[in-house]
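Protein chains in written order, with UniProt numbering: chain A, 1 to 477; chain B, 1 to 477.
Quick caveat, the hints were computed from the structure, so don't treat them as lab data.
Heads up, some of the hints might be wrong.
Claimed, not checked - Just the calculated beta-carbon pair ranges, DEER-fashion:
no.	chain 1	residue 1	chain 2	residue 2	range
1	B	Glu288	A	Asp176	40 to 46 angstroms
2	B	Val413	A	Gln82	35 to 41 angstroms
3	B	Thr233	A	Glu311	52 to 58 angstroms
4	B	Asp176	A	Ala419	27 to 33 angstroms
As the list claims (entries may be wrong) - Chain A is faced by these chain B residues, among others (derived, beta-carbon under 10 angstroms):
no.	residue
5	Thr54
6	Asn117
7	Lys187
8	Phe249
9	Ala419
10	Pro467
Don't be surprised by glycine CBs; every beta carbon is placed ideally from N, CA and C.
There are 2 protein chains.
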Amino acid sequence: MIRTTVAELLGSNNFLQDVTLKGWVRTFRANRFIALNDGSTINNIQCVVDFEKTDETTLKRITTGAAISVKGTLIESQGKGQSIEIQVNKIEILGDSNPEEYPIQPKKHSFEFLRENAHLRVRTNTFSAVMRVRSALSFAVHKYFTENGFYNFSAPIITGSDAEGAGEMFKVTTLDIENPPKNEDGKIDTSKDFFGKMTNLTVSGQLEAETYAMALGKVYTFGPTFRAENSNTTRHLSEFWMIEPEVAFNNLDDNMDLAEDFIKSVINYVLEHSKDDIAFLDGRYNQEEKTKPALQRSEMTLLEKLNFVVENNFKRVSYTEAIDILRNSKPNKKKKFQYIINEWGADLQSEHERFLVEKHFKCPVILFDYPANIKAFYMRLNDDGKTVRAMDVLFPGIGEIVGGSQREERLEVLQQKMAALDIEEKELWWYLDTRKFGTAEHSGFGLGFERLVQFTTGMGNIRDVIPFPRTPQNAEF
Amino acid sequence: MIRTTVAELLGSNNFLQDVTLKGWVRTFRANRFIALNDGSTINNIQCVVDFEKTDETTLKRITTGAAISVKGTLIESQGKGQSIEIQVNKIEILGDSNPEEYPIQPKKHSFEFLRENAHLRVRTNTFSAVMRVRSALSFAVHKYFTENGFYNFSAPIITGSDAEGAGEMFKVTTLDIENPPKNEDGKIDTSKDFFGKMTNLTVSGQLEAETYAMALGKVYTFGPTFRAENSNTTRHLSEFWMIEPEVAFNNLDDNMDLAEDFIKSVINYVLEHSKDDIAFLDGRYNQEEKTKPALQRSEMTLLEKLNFVVENNFKRVSYTEAIDILRNSKPNKKKKFQYIINEWGADLQSEHERFLVEKHFKCPVILFDYPANIKAFYMRLNDDGKTVRAMDVLFPGIGEIVGGSQREERLEVLQQKMAALDIEEKELWWYLDTRKFGTAEHSGFGLGFERLVQFTTGMGNIRDVIPFPRTPQNAEF
Chain A
1 MIRTTVAELL GSNNFLQDVT LKGWVRTFRA NRFIALNDGS TINNIQCVVD
51 FEKTDETTLK RITTGAAISV KGTLIESQGK GQSIEIQVNK IEILGDSNPE
101 EYPIQPKKHS FEFLRENAHL RVRTNTFSAV MRVRSALSFA VHKYFTENGF
151 YNFSAPIITG SDAEGAGEMF KVTTLDIENP PKNEDGKIDT SKDFFGKMTN
201 LTVSGQLEAE TYAMALGKVY TFGPTFRAEN SNTTRHLSEF WMIEPEVAFN
251 NLDDNMDLAE DFIKSVINYV LEHSKDDIAF LDGRYNQEEK TKPALQRSEM
301 TLLEKLNFVV ENNFKRVSYT EAIDILRNSK PNKKKKFQYI INEWGADLQS
351 EHERFLVEKH FKCPVILFDY PANIKAFYMR LNDDGKTVRA MDVLFPGIGE
401 IVGGSQREER LEVLQQKMAA LDIEEKELWW YLDTRKFGTA EHSGFGLGFE
451 RLVQFTTGMG NIRDVIPFPR TPQNAEF
Chain B
1 MIRTTVAELL GSNNFLQDVT LKGWVRTFRA NRFIALNDGS TINNIQCVVD
51 FEKTDETTLK RITTGAAISV KGTLIESQGK GQSIEIQVNK IEILGDSNPE
101 EYPIQPKKHS FEFLRENAHL RVRTNTFSAV MRVRSALSFA VHKYFTENGF
151 YNFSAPIITG SDAEGAGEMF KVTTLDIENP PKNEDGKIDT SKDFFGKMTN
201 LTVSGQLEAE TYAMALGKVY TFGPTFRAEN SNTTRHLSEF WMIEPEVAFN
251 NLDDNMDLAE DFIKSVINYV LEHSKDDIAF LDGRYNQEEK TKPALQRSEM
301 TLLEKLNFVV ENNFKRVSYT EAIDILRNSK PNKKKKFQYI INEWGADLQS
351 EHERFLVEKH FKCPVILFDY PANIKAFYMR LNDDGKTVRA MDVLFPGIGE
401 IVGGSQREER LEVLQQKMAA LDIEEKELWW YLDTRKFGTA EHSGFGLGFE
451 RLVQFTTGMG NIRDVIPFPR TPQNAEF
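If we strip away everything but chain A, and leave its shape as in the complex, we get (with noise of 0.2 angstroms):
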């Protein structure tokens, strides 16, 4: 007999028909109802064992956790909280959980507890919602792409270059360290190294990515990038997924329509391929709002926060328009952030960037135009000589969420800002090739996809929207 899974069974009214289930044991009460979960849905289903025609040590083996096979038939359940369950005629133990030892208990156990148990969190009810909502979301994105005329581009994650310039690079080497080969003054031979120079993980596709938009018009990354900063918090990640489109012939307007009309797009996915995950992550995440203060108190219910991002357009404000905003506002007023906004040219930190999101505006805001002196170098300069054509995607509860920008499409622009930043034009003599030869305005953004899965799926803290994440001083599994 073929084996079905749980979530095929729980959409079947085809009662009476003979089944064969294999999945874990959630809980097992009064010796005859088993929730068995088999991963493909949040959902258990109730499998009815007959005690009286079971052998007693069977009966013992069946504990949260353990794995099974069950034969029976499906029926109309008389109990309460399901509509359908299992007759159970044969089970099999396929593997033993001892209740002694099996960390994860039918008990509300603390995430922190479970970021130590990377590898069985995903067992628990949270997690797989999270996971599976993860999974859904990343199908999303190649949909999304896919459907408007993108090719997917693989950016490499070992670089030569250095000059990215988004962030700290961790470097990948094959040489020996406790005895490296060195030069004649002392230095270490780096030419002895495995690609005959240093080299480090990537923090951005971006650069490449142009190469190729500029053949291929409509690109996009999906892929892991690195940042060897010291932040622990809970929106940071050393290792991280990030998704790069960059569009040849766009400019800044065009690339904030794809920025929403992509983020619109995958968050409605999620809300009609995910419904019962993210039914339970909703319960999930109101309960917790209510032990927080009620001035923390998120307003809506995470499913109509996610309602809100599909059916408002995000505001669009220039950084101008925000500082005024910022300037004059209550807390900067009566000194209550951190960092006051005195003047034009200041640097937006998250406690300003909520403040937008959260209480002046109250939806997400795209800033556009930011001073050329805090953003990449990469970036268009506007007309004015002073602000470039950046924006920057703000979410509530995550602050950014997206950066990007029209790319300076110019030569001689491009020259002279890498001349100031002392960026040698030999580290990025391709990149430049991309101006020398067709060259065509065009822009792009990276996309922090932790950051969507938290949005989405309302989890507090980075870590735990990624199986494994890694943190400064954390890298086990």
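Given chain A, work out where chain B should sit, using these hints.
Then chain B, alone, in the frame of chain A:
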């Protein structure tokens, strides 16, 4: 007027409509006919310039590689070679391309030359076709697994474990290598490193994927993996993308069924969705084959090879049968093999795999039940005590494209095998936990994505199917 793409227009017969197109000049002949490409398809669209109404300076700037914007009218073409064309009303040069300097001229360039210009090679027909097919295959992978109930799982890239056993690893560090912190005993103090210990780049996400399969049922990874081996061949990369499905409750037969169905499905997707690119690559492949000596020439065109894989069953052969075939084969008896097969237990070399696939069976082959001592510790031991439930899928021209196995689910057997190989249990405590708590039979495999792209596009060198290849001594861009 909204910009359209060449792909959209070539499917249109909405004549006399006004259109705006942006793209790059592939060729310009007779001061009149521009072949314009925008990356959306391998096909160019012909734009006909009225040279009498266009100023000479502009005409001179229409050179290969220049970015232009064209406004005009879509009309039926009177010329040969295309059914539609654009009668240009207005042309604007967006970015020049000096023909004296632009490396990509409309002539045949060697693949070696193009590898040195990997940032520009995607502007050629061959590489744009390869990269679009790569993108289509990538989407087909996600689509197949999503539609078959799998969840995408992000395996960690930086790993604290060096027991994955699949190959040589790259070290990842933030220590100052010139001047590293030392312990009292003069050794490097790795506790001062970013993660508080030595870390490496992953060679496989399998072990972590197994922990997820034992909760979500069916999972797959699709991410970069790394091998620090000094292999300078046409089928090895130091950085490559790997697809690794892992399924709870699957045995080796299920695993073979999955591998075969999966490969057929993704190739079918490309045959259906990338017709123009595959047709172009088929022509290129067949031309190239003609330049080879008759004996080395492929008996099939690229399209025939792809259809053959989709339409025929993979031949399943045990290692023991394969050894018998090889031992009695002509090249073995005539000592034409570099490694003569004398007895059961020999590790198969590429020459043997190619003989089986290309000469003996003439179809994709799945070899299974290999000797335990030439395979990894986590493969399930058969009752004979000397073979394991391993499988390799071998493809014509490529060799091994998939390696997989049923995993050893019995805790004691796994512990014995690890002990025999001096793998410390504390290194893989979390992996052993999956066997302690709710263990069950499960299986999976790894498929090197670039080998799949190589097979599907007919490209001879794996460096030509990934945007920026990383190989020994080479991490440019």
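**Request:** Hint by hint, work out which the structure violates, then give me just those numbers in ascending order.
**Result:** Going through the list in order, the structure violates hints 5, 9 and respects the others.
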